[in-house]
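Everything in the sequence shown is counted per this note's numbering, starting at 1 for the first residue and increasing by one.
One or more hints might be untrue.
As the list claims (entries may be wrong) - In the DSBU-like style, the derived pairs of lysine-lysine whose C-alpha atoms are separated by at most 35 Å in a straight line are:
no.	residue 1	residue 2
1	LYS45	LYS100
2	LYS57	LYS68
3	LYS22	LYS91
4	LYS22	LYS95
5	LYS52	LYS91
6	LYS63	LYS45
7	LYS93	LYS22
8	LYS91	LYS23
9	LYS91	LYS63
10	LYS52	LYS22
11	LYS23	LYS45
12	LYS26	LYS95
13	LYS100	LYS15
14	LYS95	LYS45
15	LYS90	LYS26
16	LYS23	LYS57
17	LYS26	LYS68
18	LYS63	LYS100
19	LYS63	LYS90
20	LYS93	LYS68
21	LYS52	LYS15
22	LYS23	LYS93
23	LYS52	LYS100
24	LYS57	LYS100
25	LYS15	LYS45
Calculated directly from the structure, the hints in this document are not laboratory data.
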Amino acid sequence: MKLQMHSIHFDADQKLINFIQKKADKLDTYYDQIIDGEVFMRLDKNDRSENKIVEIKLNVPGKQLFAKSQNDSFEAAADDSIEALRRQIKKYKEKLVLAKQ
């Protein structure tokens, strides 16, 4: 799956980009018609330790899925967002199956 990575107010290292890409590629096992997606990584300007935000948008036929997570590391935030998208994909697929019946 083709993902566009955007790191806002910082430069993401290749290791982080590869980690998110690898995790997101596993979503193809749940639904193989994902068109593409965008990942936004941001640093929140607050004093808390959970200041890393990951937002992921996925384009599927006829719909756009979105998940946002805030955590103390980009990896944990990406894991949470991808898990939320996995649930959304499963729900979306169930609706497609019911609509075809």
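Results for each hint:
1. LYS45 with LYS100: violated, 47 Å
2. LYS57 with LYS68: Distance of about 9 Å is within 35 Å: holds.
3. LYS22 with LYS91: Distance ~22 Å between LYS22 and LYS91 Cα, so the pair holds.
4. LYS22 with LYS95: holds, 27 Å
5. LYS52 with LYS91: It holds: about 27 Å lies between the C-alpha atoms, which stays within 35 Å.
6. LYS63 with LYS45: holds, 32 Å
7. LYS93 with LYS22: holds, 22 Å
8. LYS91 with LYS23: Holds, at about 19 Å.
9. LYS91 with LYS63: Distance of about 12 Å is within 35 Å: holds.
10. LYS52 with LYS22: holds, 19 Å
11. LYS23 with LYS45: Cα-Cα ~26 Å, so holds.
12. LYS26 with LYS95: Holds, at about 21 Å.
13. LYS100 with LYS15: This hinted pair is violated, its Cα atoms lying about 41 Å apart.
14. LYS95 with LYS45: It is violated: about 39 Å lies between the C-alpha atoms, which goes past 35 Å.
15. LYS90 with LYS26: holds, 13 Å
16. LYS23 with LYS57: holds, 14 Å
17. LYS26 with LYS68: holds, 18 Å
18. LYS63 with LYS100: Holds, at about 17 Å.
19. LYS63 with LYS90: Within the cut-off at roughly 14 Å; holds.
20. LYS93 with LYS68: holds, 21 Å
21. LYS52 with LYS15: With Cα atoms ~16 Å apart, LYS52 and LYS15 stay inside 35 Å; holds.
22. LYS23 with LYS93: With Cα atoms ~20 Å apart, LYS23 and LYS93 stay inside 35 Å; holds.
23. LYS52 with LYS100: violated, 40 Å
24. LYS57 with LYS100: Roughly 26 Å between the alpha carbons, so the hint for LYS57 and LYS100 holds.
25. LYS15 with LYS45: Distance of about 23 Å is within 35 Å: holds.
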